[in-house]
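Build the full structure now, drawing on both the sequences and the hints.
Under my numbering, the letters of the sequence shown match residues 1 to 354, in that order.
The reader is advised that the hints may include incorrect statements.
[Claimed, not checked] Capping the alpha-carbon separation at 30 Å, the derived lysine-lysine pairs in BS3-like fashion look like this:
hint, residue 1, residue 2
1, K207, K278
2, K199, K211
3, K157, K207
Since the hints were made in silico from the structure, they are not lab data.
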Amino acid sequence: MKLSSVNNIKFHSQNYDDKSNIYKNGNCTISTNVKNTNNVNFTGLTSSLVKFWQWVENGGRALSFTIEDMGGTNIPRTLMGMFAGFQYTKKINMNALKQEGIREFLTGPTMTFMPIAILALLRAGCGRSANTHNENLRNLSYLAKGTVKDGVMDQNKFIEKTVRDLLEKTTEKNIIENAQSTSDLTKEDVSILKDVLIKYKDTLTDKSISKKDRKKLAASLLDEAQSTFSEIVKRTKSSFEGVDFLSAKYSITKDKQGSTNFKSYAEYIADYVNDFAKYTKNRIFNLDDDALISNFKAGYMANRILTVACMVFITGKLMGYIPRLYTWASGAVNPNAKAIYNEAQKENKSGGVK
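What follows is the structure, given as structure tokens:
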């Protein structure tokens, strides 16, 4: 933002004198003969703030929570503990500093990052679908029927089916062969979004590129899929009232629908395909295809329950040790109040307190 002095303002009035740069209106006189030497340019500050908050946004919920927790509670409370009783002792309260610091700087990160670490371990061991919501395991297993033959999934067919379903349910329109107007939902729309999701799915398992580059490329393709989806919905919807362009609807059963964040749903689709391929690889099943899908669904629903249970139990157990740790570090007496207790005792002995 740039603030300019008033000499840049043009007065289109017969009361304005070009020679003296004076604008007169009754008893009011405004001089525009002001040097433009005090321009304030906030470009650098604004750019830095935008980049910072974009970095926070890209970091997801964990980073966002950490930044808010640090600035809102951790640092302020630790500083308050450090100066607890300072007006009486004129000394830094090291015990209170230890107590507040350990409690604040361990509680938030433990609650935030421990579940993430547990989830990462379980996804690595059980498959990425361990993070898929049960509703979507049911939804994707319903759509998988007809795409598996002799224990092998036709991945392109499955992804095309899920894309058709989510576009039809979200836009509330049927897919047609040839567009009659720009608002029609066509097979080309399905094909474009399907191709992006297939690239995203393949990227997740591409070992020919480094983990860092794979993660970066996957995120870029997910953004592209989101943009493609939003553009299709915007073009085909006749009314935007109540429409969330970041949310996708889908079939859970023939008569039941659900909805979730589009990016999350795209991740669930790719994870389902990749994990189903692992599940059926090098195995001999005495099950028909529908029973195989049902078994896969049941297994990952159990993994989901295990994941949530482990996150709650382990995180809760670790949280229980934090009070013991900061109590041990700061001593048995509350260090925040110790200086006040000491001062009160002095006052009491000297007769200042009755």
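Against the structure, the hints:
| no. | hint | verdict |
| --- | --- | --- |
| 1 | K207 - K278 | holds (15 Å) |
| 2 | K199 - K211 | holds (16 Å) |
| 3 | K157 - K207 | holds (24 Å) |
Taken one by one, the earlier hints all hold for this structure without exception.
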